[in-house]
Each structure stands twice: as C-alpha cells, then as structure tokens.
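*Asks:* Spelled out, the chains give:
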Amino acid sequence: MTLHLTILVFFPAVCGLLAAFNPRWVGLIAAFVPLAYAVAMVADFDVAGGLQFVTDDKWIPALGIRYKLGVDGLSLWLVLLTTVIAFASMLWLAVRQPSDRPGLFTFHLLLGETAVLGAFVAQDLALFVLFFDLMLVPFYFLVGQWGGENRIPAALKMVIYTLVGSLLMLAGAVATAVLTASNSGHDLSFVLSDLVANPLPAGTQKWIFFTFALAFLIKMPSFPFHGWMPDAYRTMPLPALAFFSGVVSKVAAYGFLRLVLPLFPAAVESFHTWFLVLAVISILYGSVQAFTQTNARLILGYSSVAQLGFITLGIFAIDAAAQGAQGALLQAINHGLVVAPLFFVIALLAERAEGSEDIRDYGGIAFRAPVLTVLFLITALATLAMPGSANFAGEFLILLGTFSSVQAIAFVAALGVILASVYALRFYFRSMHYRVGAQVQSFELSLRDGLVLVPLVLAILAFALYPQLALQSGEEAVKTTVQAVSR
Amino acid sequence: MKGPAINWEALSPFVALTAGACIVLLAGLARSRGVRRGAVPVLTLLTIAVTAGLAVWQWDIREAIVAKALMVDDLTLTLLLVFLAGAAAAVLLSWRSEASEEAGEGEYYALLLMSVLGMAVLVAANDLVVLFIGFELLSIPLYVLCATHMRREQSLESGLKYLIIGSVGSATLLYGLAFLYGAAGGTSFDALAAAGSRIADDVLFLTGVALVMVGLAFKASVAPFHQWTPDVYEGAPTPITGFMAVATKAAAFGVILRLFDVALVSAATTWAPAFATLAVITIVVGNVGAIGQSSLKRLLAYSSVAQAGYMLAGVVVTTRLGVAATVFYLAIYVVMNLAAFAVIVAREREAGVGDDISSLYGLGRSRPWLAWPMTISMLALAGFPATAGFFGKIYLINAAVDNGYAWLGIVIVVGSAVSLAYYLRVIAAVWMRAPSETPAPLVAGRARPLIAGGSAEADAEARAAGVAPGAGAGARLRQPEVVFVAVVCALVTIVFGLYPQPLFDVARDAGNAIVSLI
Chain G
1 MTLHLTILVF FPAVCGLLAA FNPRWVGLIA AFVPLAYAVA MVADFDVAGG LQFVTDDKWI
61 PALGIRYKLG VDGLSLWLVL LTTVIAFASM LWLAVRQPSD RPGLFTFHLL LGETAVLGAF
121 VAQDLALFVL FFDLMLVPFY FLVGQWGGEN RIPAALKMVI YTLVGSLLML AGAVATAVLT
181 ASNSGHDLSF VLSDLVANPL PAGTQKWIFF TFALAFLIKM PSFPFHGWMP DAYRTMPLPA
241 LAFFSGVVSK VAAYGFLRLV LPLFPAAVES FHTWFLVLAV ISILYGSVQA FTQTNARLIL
301 GYSSVAQLGF ITLGIFAIDA AAQGAQGALL QAINHGLVVA PLFFVIALLA ERAEGSEDIR
361 DYGGIAFRAP VLTVLFLITA LATLAMPGSA NFAGEFLILL GTFSSVQAIA FVAALGVILA
421 SVYALRFYFR SMHYRVGAQV QSFELSLRDG LVLVPLVLAI LAFALYPQLA LQSGEEAVKT
481 TVQAVSR
Chain R
1 MKGPAINWEA LSPFVALTAG ACIVLLAGLA RSRGVRRGAV PVLTLLTIAV TAGLAVWQWD
61 IREAIVAKAL MVDDLTLTLL LVFLAGAAAA VLLSWRSEAS EEAGEGEYYA LLLMSVLGMA
121 VLVAANDLVV LFIGFELLSI PLYVLCATHM RREQSLESGL KYLIIGSVGS ATLLYGLAFL
181 YGAAGGTSFD ALAAAGSRIA DDVLFLTGVA LVMVGLAFKA SVAPFHQWTP DVYEGAPTPI
241 TGFMAVATKA AAFGVILRLF DVALVSAATT WAPAFATLAV ITIVVGNVGA IGQSSLKRLL
301 AYSSVAQAGY MLAGVVVTTR LGVAATVFYL AIYVVMNLAA FAVIVARERE AGVGDDISSL
361 YGLGRSRPWL AWPMTISMLA LAGFPATAGF FGKIYLINAA VDNGYAWLGI VIVVGSAVSL
421 AYYLRVIAAV WMRAPSETPA PLVAGRARPL IAGGSAEADA EARAAGVAPG AGAGARLRQP
481 EVVFVAVVCA LVTIVFGLYP QPLFDVARDA GNAIVSLI
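Line order of the protein sequences matches chains G and R. The first sequence begins at 1 in this note's numbering and counts up one residue at a time. The second sequence begins at 1 in this note's numbering and counts up one residue at a time.
I should point out that these hints are in silico values taken from the structure, not numbers from a laboratory. Take the hints with a grain of salt, since some may be wrong.
Pairwise CB distance ranges, derived in the manner of DEER restraints [unchecked claim]:
1) G:150 to R:295: 21 to 27 Å
2) G:371 to R:484: 54 to 60 Å
3) R:295 to G:20: 32 to 38 Å
4) R:480 to G:203: 33 to 39 Å
The beta-carbon is built from N, C-alpha and C at its ideal position, and this holds for glycine as well.
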C-alpha cells in the first residue's frame, strides 16, 4: 500500500486549483512533480515484478468499486510519456501565456493530465471508465473557450461523438461486472483482476466487447469513427492539441490491451480479423488524406489516424510471440513523442507565415532557421519510421506480428509505411524548402522555444537508441495479455 | 370507544410540519412588513430543521402507525429529508422574490410546508385512502403556489393549467384506486398484497392498476403524460419550479415505489413491461424535447421528464437494489437541479431577460460563483464522472442489468448521449459566449398589472423590487442566499461524486425497507 500513484495522479489537478494565482509557475510545478515521479518509477521498476506501486483501498463497497491503482509493463512507459508531454505543454504555456484567462487554461490542461494518468494506472474497471470519461471535460472547455473558428460546434461534436462511445462502454462495464458476479457467484466487484479471473460466457462477451471497442475506436480515432477529428484538430489551441494528440489517443490503444483483450478473449478471437481489416483501412485512408490535406494540423491529424491504424493492427494481430502487441505498445509511445513536437513546430511555422497554418503559404523557411529545420527534419524522419528510429522498430514488430497472423493483411499494411514517407516528407519540404512563400518572414528558433522543442527531440533520439528499455519492461505484461487470447 | 393507539414519536415529523405550517400562517398576519419578510421565512426554515431533526431521530424505525395507515420506515424518512432539502432551498430562493410578497408571505410559506406534509403523507401511505389524501394535500397547495406571481400572465396561466391537468390526473388516480378496492375488497396495502395472487389476472384489478399508473405518471411527468410540465415549469415562479421539479418528482416516485413494489408486487409481470415501455418513451421524449428549448426552465422541465425515465428503470426491476438505486438517484437529482434553479433565480433578477438561455452569456467571466454551480449541475445531470450523476447512472444501470433488463441500461446511456446536446449548450452559454451576444433586456411588460393590485404604487414597488429598467446583463444584485444555495448544491454534487458511500448506505437502508422484495 503506497501513496505514490495517488500523488502522481492527483497532483496536477489539485495543484491546478491554485493556477489562478500564478498560472506560469503553478503549471510548471504541477507538471514537473509527476514527471519526476514517473522517471523515478521507471528507474525503480522491477521488470519481472508484475503489478507494482499498488494502492488498493475500499471506495464504494456498495458497488464493489475499489480504489485500486497500479503500474505494470503495459502502463509504465505510457505514464512517463504522459508526464513528459504534459510538462512540455506546460513549458510551452509558460513561455507563451494565452492572453485570456491563463489560469483557467492551465487548470483544464492539468485536469486533463490527471484524467489520463488516472486511466493509465486504474486497476478497477469503474475507475478506468471514470477517468476515461473525465478526460473529455477539460478538452471540451479548452476547445470551446480558447479554440479558433467554429470552436463551439467543434467542441460539441467532439464531446458527443466520443461520449456516445464512452457511455456505451459505461453500460458495458457495469454489465461486465454484474454478469460476472452472477455467473461466478462472487460478490459484485469491478476490480480488473477479479473480472479477468472469471471470464464471461462467449455469447455475452460478444455484445459487451462491441461497446468497449466502439468507445476506443472513436477515441483513437479510427476510420470510420473519425468524424469529430478534423473539426476538433482545426480549432483546438496548440499546447492542448499537442497533449491531446500525443497522449489522449493512446489511452484508447491502452484500453484495448488492458481491458478488451483480457476481459473478452473469446470475442477478440472471433472478431480480430475484422479489426485487422479496419486497421488497414485506417492506415490507407489516413495516409491518403494526410498527403492531400493542406492544413498542417489536419496533415498531422490524418497521419495520426494512420499511425493509430498501425497500433490497432499490432494489437489485433494476436500472434503467438505477441510481437504485434509489443510493437503496438512501442509505437504508441513513439507516436506520442513525435506528434507533440510536430504540433509545436506548426505553431512556430505559423509565426513565420503571418499566422497561416496552410502549407501552401509556407516554403523556404529553412534558409533563416537552420536549427528549427534540423529539429523538424529529425522529427519528420522519425514519423516516417526511418530505419534507426524507434518508430522503425515499432512498425517492424507490428508487421512481423501481423505477418505471422494474417499474411495478406501484412502485405497491404506495409504500403502504409511507404505512404508515411510521402506525407511526412511532403509536409517537411513544402514548409522548409521550395520557393520562399509570399507571406513568409523566417527567423531562427528562439531560445525559449528551443527550451521546449530540443528536449523533446533529444528524447526521440535517445529512444531511437534504446527502444529496448520500453520493450523489455513491457514484454512480460504484453505476452500474458495476448497469450490469454490465443490460448 | 377508544381510538387507535398512536406512536407519537413516529408521527412527530408529521406533527411538526403541521404545527409549523399553522405558526407560519399566523405569523404572516403580522402587520409589520419586517416580520413578514424576515420572521416568516426564518420560522419556515426552523420548521424544516425541526422536522429534519425528528426524522433523523426516528431513523431505522419500521412501523405502521395510526391503525396501519402510515408506514414510517427508512424509505419514508429518506424521502422526507429529500423533500425538506427541496423546501429549504425553495425558501431561500423565495426570500426576496416578488412571488412570495405578492402572495402575502404567510400564505406562501405555509402552503409550501403543507405541500411538504402532503408529500410525506403520500410516501408514507399504507392505505389507498391515505394515499389519495396525501396526493391532494401535495397538489392543491402547489396549484396555488404556481399562480402566486400574480403580475405575470404566465404565472396565472401556469397555475390554471396545472390545476386542470392535475385534476384530470387526480380523477384518474381516484378512479383506479376505486377499482383496486373493488377487486381486493380492502383499502390497505396489506390487504392488496394479500389478495395478490388471487386477483392477479382479474380484469377489474388490472384496469385499476392501469388507471393508477396513469394518474401517478401525470404527477411524475412520465411521457406521454408530461405535456403540462414545460408550460407549468416555465410559468411558475422559479423557486416554486425548482421545488416542484425536485420534491414533487421525489414524492411521485416514492409512492410509485411503495404502491407498486409493496401492494401490487404480485402483478409485477403485468405492470413491469408497461412501465419499461413508458420509461423508454419518457427517455426519448424528454431528451428530444429539450434539445430545441431556449427557455432554461422549459429545458429543465424536459430534462426532468428524461430523468424520470431513467428513474423508472429502478422501479421496473422490482428488486431492493432497484428501490435503492431510485432513491439514490432522487437524492442526487435534488441537488443537481437545485443548483441550476438557484442560478436561474439569480440571473432572472439580474439580467432582465427572464430565464432565456442568453441570460447566462458570459457568466464564466463575470460571475464565477454562479458559473461553476451551473456547469457542475449540467455535467452532473449529463452523468459526467467526478459528479454524483455518474454514480447515479451506474447504480441504475447496475440495478437494471442485475435483473435482466440490460437493454434498459443501454436505453439510459443512449438517452444520456442525446442529453449532452442540450446540457452542453447551457455550459457553452456560460463559458463560451460573450455577454455582448445577449439580446436587449425585456424590462417593459413585466410589471403589467393583471388581476390583483394594478395601482400605481404597487407598480412602483414592483419595479423597485425587480430590475431597474436598462440595468442589463451586467447588473449585480446582492443575493447571497441564492448564491449560497447554488454553491452548496454544487459542492454536494461534487462531494458525492468523489465519495458516494454514505449516500449509498442511506439508499440501501431505504431499499431494505421494502421487505416484500428480494
């Protein structure tokens, strides 16, 4: 019984309540403490130790809901990723305070961090659903109050789309617990380990499986449930978007690994081919959209659809060696690490092109901004999974896993790797090279912006050298999860 | 001849309410305006506090008193506390309102207490006749209270409409009760329950059940018997609307729980599918109806219809868990709604555009103490986590799934998803709209004399009490009691959203009071 995870999860939100006094420093402190905690946890983590730093306390005995938090190989690195990206966003906010109500903005972003961290460490189904739904609230306010054009309809659309999924999942979660209790004869319990120990009959699993899958596919977003994404991405303020795209979508991928595979193995086994097909369509659709869009945010948005398609592919590969799922976990971290700096880069590009976020207005920015160019190039190369990057390792593992599961799908999915280089390089070249755009007034990366961007890029490089770190700690947990299905 | 032995201790909350109502009525006769405006509400609050104290003192009792006419148990006492919370908030919100002044303070508050007494009798009823007495004692004061804002045309219209529709409901109910009596040969719930299996498919009995169901559905605003709700809610003085929305609803559900789960439980296979159908219709009608509303009170009226649909799910399942889930939801429903109504009261007095949604524009910037309660209330009604509404929904779905009504759980969540469309619109108005988008205040026409008063002095008085012409959306009035209600309700919503266990315990006690269920 330790308090560590409670502090990790709730520190940002509680500290955020004070943000009205000094948004800049409160935000930095509120995001730094969890980061330090997460680093310490990674250092202290025992690779063979299973669930660690467990907090298990009674909360609502009437409903069998326990306050159980814990970290294992599945969530460890995602927790670290969350704290890293959140700190980067806070740093960005500290150097560029929004002019309007910065305290409230900081509070909402910190509340978002709390919700995401909570979802990653929750070991109780109801607690997970609670944090998963809570995630939406701060982002609704962030889009609706600080967004650009059409912010109110975009915010509404985002919430309704994602909450339809989450609410169905809520019903599914309650049904899982209640039916498990009545099947096994135990008391009602939402604790994950209890639910996993007493699987439901296959017929029941199937309909509940769909409520969970829908929630996660919408959140990712995956084709054809991405309808909310373009509007929300177009209008969300950038520091929030970096966090949202970098981390929030990963909760969905994590949800598949943490909940869907262990709780509904029979359903996963019967439907996994369909999800592979859906993933491949996502990859192709996202990639094609990403190289036809001209709005820089949408290029990244659709590229995320494609990348999350890869992650889904890896999760549902269900190969005997669990390579697909391991790749998926690695890729979830990679994608978060590259997409967040890219959103900051968009903000910097827009500053050099009179605020435009259309890549047709860019061009030739590289001449007067070599450092920015180098940082952008490294990130872009990581996005397209250049050999040597951690993304390469991730996609390679995913394709390997898929290949040993359903060969034909692996062949088609491999096209996605090629398409990724098309859209990533197009974005990079159109902005940095080519003829100098009419509105472009390029200048070098300032020191304070470098403060945000350079550490993130260094993290990408470091991770490219040692992807083993994340793979090793996740291996055991992932294997147990996947082999529960293929068994 | 001796009368029945009476357990006065168990009866004490009822006695306290009656005595309090009489004292308040007499105090209202005082000539000093200060006494009327000051002492009367304080006496009312005192009565409420004493009654609540007595209810807590009698906790864990389970006894049928007064010749088994009234059942005093945890269900009765829990719901009594719910009514008292609603009444206390209504008193605070009415403190400086025009409605209470125009009605003469004494009458207004005495009627309010009488209505609470009626609710208490209704949910305690263990006999068909007592049930009807409680039903009328609850309704008749409310008909009057709706019409107390005599200078507003809609208030009179609202009172009249409520009277007519309410009478239809009462008549239907009475007719149904007569059928039940005819079939069972007794008026007590025990007699009905005992006759249960013998008459379960008697036509007379089933007709009675159907008519009673309709009569109570009117009161609980269950679709398709909800049409009066938006009109009456819109027209009534806002504190009374708030009281009706929370307390009447709780009373109607209290009596539905006791009548159907105790007296008519043997016919559950007949009425449960009917209630399940009504629940689905209610959820759909309420949620779809609320989407297009621009008046906040109409919006909350439709929202209350939808919420009634959710709570019906707890009735349908006929288990103690279902009763507990319904009681839990009723309790949190009170605080969620009162927070919203308090904010509407405050803005009605300040902004001068009535209860239009535009009265909330820019509230997040200018009045955070009103903006946050409104936001929390809407999020809770929509069932967002970290608010009590989240656990309310979980508990209801839990009860539904537990007894094989998983599809009803799905209907609840689909309804909640639709409800986001209007709850979030309110939040968007609070935080995301600028006050400059507010239309011009409609001050003219509000002081129009109708039937009562109409003198120049009265008009001047009304204007002084209300909004000064042209004050616009920026005006700030000192109304700490209204802000207090809003903030306290919002806080309770959040606290029960983070630590709901105490409320779960209370709800479970209430559910266990219904011994006829498993």
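*Asks:* Which numbered hints turn out to be false for this structure?
*Replies:* Of the numbered hints, just 4 does not hold.
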